[in-house]
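Below are the chains, spelled out letter by letter.
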Amino acid sequence: MAITPPPQRIWWKEPIAKVELSWIIIAFIWGLIMFFMMIYWHGAGEQNLSNEAYRITPERFAEKAQAMIDEHTVREENHFPVVHPPAGSDVYLIARLWQWWPILELEKDQTYRLHLSSLDWMHGFSLQPVNINVQVHPGYEMVVTIKPDQAGEYGIVCNEYCGIGHHMMVGKIYVIE
Amino acid sequence: MSKTTEFRICPTTGLKVDLAAEKLIKANAVVAVVFLAIGGLFGLLVALTRWPAVHFLPADWFYLALTAHGFDVLLVWIIFFEMAVLYFASAVLLGSRLAGPKWAWTGFALMLIGAVVTNVVVLQGQSSVMFTSYVPMRAEPGFYLGIILFAVGALIGCFVFFGTLVVAKQERTYEGSVPLVTFGAITAAIIAVFTIASGAIILIPTLLWSVGLVSHIDPLVYKTIWWAMGHSSQQINVSAHVAVWYAIAAMVLGARPISEKVSRMAFLMYILFLQLASAHHMLVEPGFSSEWKIFNTSYAMYLAVLGSMIHGMTVPGSIEAAQRARGLTKGLFEWLRKAPWGNPAFAGMFMSLVFFGFIGGISGVVMGTEQINLIMHNTLYVPGHFHGTVVAGTTLAFMAITYLLVPLIFRRELMFQRLARWQPYLFGIGVAGISVFMMGAGTLGVSRRHWDMTFADAQLPFDYPSAAFLMMGLNGIFAILAALGGILFIVVVVGSVFFGRKLGIDEKPPYPEIPPAAAAVAEHGSAGTLKIPGTAMLVGIFFVAFVLYYFVNWKYLSEVWPLS
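Protein chains in written order, with the numbering used here: chain B, -12 to 164; chain U, 18 to 581.
The set of hints was computed from the structure by calculation and includes no laboratory data.
Below, computed lysine-lysine pairings styled on DSBU-like, alpha-carbon distance capped at 35 Å:
{"no.": "1", "chain 1": "B", "residue 1": "K5", "chain 2": "U", "residue 2": "K347"}
{"no.": "2", "chain 1": "U", "residue 1": "K355", "chain 2": "B", "residue 2": "K5"}
{"no.": "3", "chain 1": "B", "residue 1": "K0", "chain 2": "U", "residue 2": "K33"}
{"no.": "4", "chain 1": "B", "residue 1": "K0", "chain 2": "U", "residue 2": "K186"}
{"no.": "5", "chain 1": "U", "residue 1": "K278", "chain 2": "B", "residue 2": "K5"}
{"no.": "6", "chain 1": "U", "residue 1": "K186", "chain 2": "B", "residue 2": "K5"}
{"no.": "7", "chain 1": "U", "residue 1": "K355", "chain 2": "B", "residue 2": "K0"}
{"no.": "8", "chain 1": "U", "residue 1": "K572", "chain 2": "B", "residue 2": "K95"}
{"no.": "9", "chain 1": "U", "residue 1": "K548", "chain 2": "B", "residue 2": "K0"}
{"no.": "10", "chain 1": "U", "residue 1": "K278", "chain 2": "B", "residue 2": "K0"}
{"no.": "11", "chain 1": "B", "residue 1": "K134", "chain 2": "U", "residue 2": "K572"}
Reference listing, derived: stretches of chain U covered by chain B, where coverage requires no fewer than 3 residues with Cβ under 8 Å from a Cβ of chain B:
{"no.": "12", "segment": "267 to 273"}
{"no.": "13", "segment": "306 to 312"}
As the structure is a prediction and not an experimental result, all values here were calculated from the model.
Backbone N, C-alpha and C define an ideal beta-carbon position, used for all residues, glycine too.
I would like the entire structure built from these sequences, with the hints used as guidance.
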């Protein structure tokens, strides 16, 4: 039994039953398939998270974001600037207690280099209802190339706990035709 | 040694039990159950708050309760119980004296003090930083100090366990190799040492930072090392509860591992590869390469998953072989139909096995896939997954073996036997529901650790789909079921331990039924005689479910915005 020492002292020489061996082989091959699937998707898939990231201070990131906001704000909504950056450009999204700043207005089927960083604690960029989720750290600037493929109004929820106002931290992205 | 060690012989199993070890097992198990009750209550409050129609707690209390829930059940309940398992698997199963009982009591005291300190600090309200306490969010120093004390105590317990193995070997208390269950416990203890070392590396500087002696802790470094502790501690649980599965199958059914070699290899894979899983938490962080993510998140080509898939066959396979040897050979599933479903130890163990595989296991692998993590990270899918592994898997397995510990170690007759019979079903189904509905809400985007899914106080409006609200309502209902199951467990176990009839020195407990060791089924393991078609069928169903669910999620991923 499993609670007593093995009855055969030389247990490592006992043969393995066929049904067990077959399962081990199947499970091992399945593991390989799952492993190579991730590599395959880097070539064939369209959803791969970028590895581009830089160290940055909160002040510097805020400056860069502000420059974009100053240049491309098209209107205001609920005291948030709505920024319409040119297609293909670098866009900045600030995460801070407890806002995603500013509101972005993007064009459908255009690519943008989205820069994400936090000015204080850790936050979670959760784009809804698309359900794309990326962690946002203070001190690190992550650059993700995105291509919105459907027009509409999207919410950005914070999904990393960031204190008592966490559940009020909602941002917005518009995608227009 | 000041005095000679005293033993008693267990009338049921014939095992030689060191009385000092027995006392420690009792103390650790009792404290574990107390913290399960506290942590479980916090969990119920959390679930009731996330039920939109109830929305029970105010925001500050919700985040406080969630912090306490994670700490008390994920860490305190489970590690205390694991200490009991370690002492049982070493001293009791090897028929040896426990090495350094005084050290073991010191470890116990440190763990208890640590657990109380952290709980008190959390309840004071200034440390609602979640179990993960990601910097630069700062908790009170006592929060980290309590966890460190707790970990040091657990480390001492691990070394008492290792010491006992040495004593048993030197004093030749057993023949040949250690039992498989002890081997599983060794796996758990080795992983525990790695886990606690990682915890020390990151929490000690964080403690110094919280009192102002260290100026800066990098959040990315913190998170990476913290999860070398956080995820690895879950691998302690996996090793321990798989060992418990084998132990229950052996004690209740006389099941013998199909192959010692295969089962031990599977445990060995845990030691070698499970630690890489820290990467599961880093898949959408800045600054890691895809190569690093792919290698680590897959435990080096899924070799630790392979270990679990092997146990997933060998545990039910050994049960089937034992049942067939008893003559339950009709069709594919007579052995399973006529299994002792009225025995809470068996029922809990088998449900733990099924839920851990189908719910916790499959979802974990899918979510840990580098790209698929993008559509799940930090949504409620994550707690859905780990309630499938840690609650439906580990906690249910630990509850199940408690039904054997009460008569065998505490020497008390189990009270409320009818309630005990129902308990694993109530708790198991409740937890399975919690897991599935949280995973459902997560695929609809609902954030974890979030007080208000209606965003009523937010500056900008946003609405989750109405199906998500339905999921959270169902989650609340199943949380109540699970809580009832948890309360039953506490009532039965605490009642029996303190008020149950004491069993006589040579008296065998009437319930749950534990056949004498002699009932162990005859040899199997040779390729010619082993027939486990029912298990092969179950494993086949599992495999199909796994493959389908895996590729369905790739399909979901392919539908979101292209990004690179």
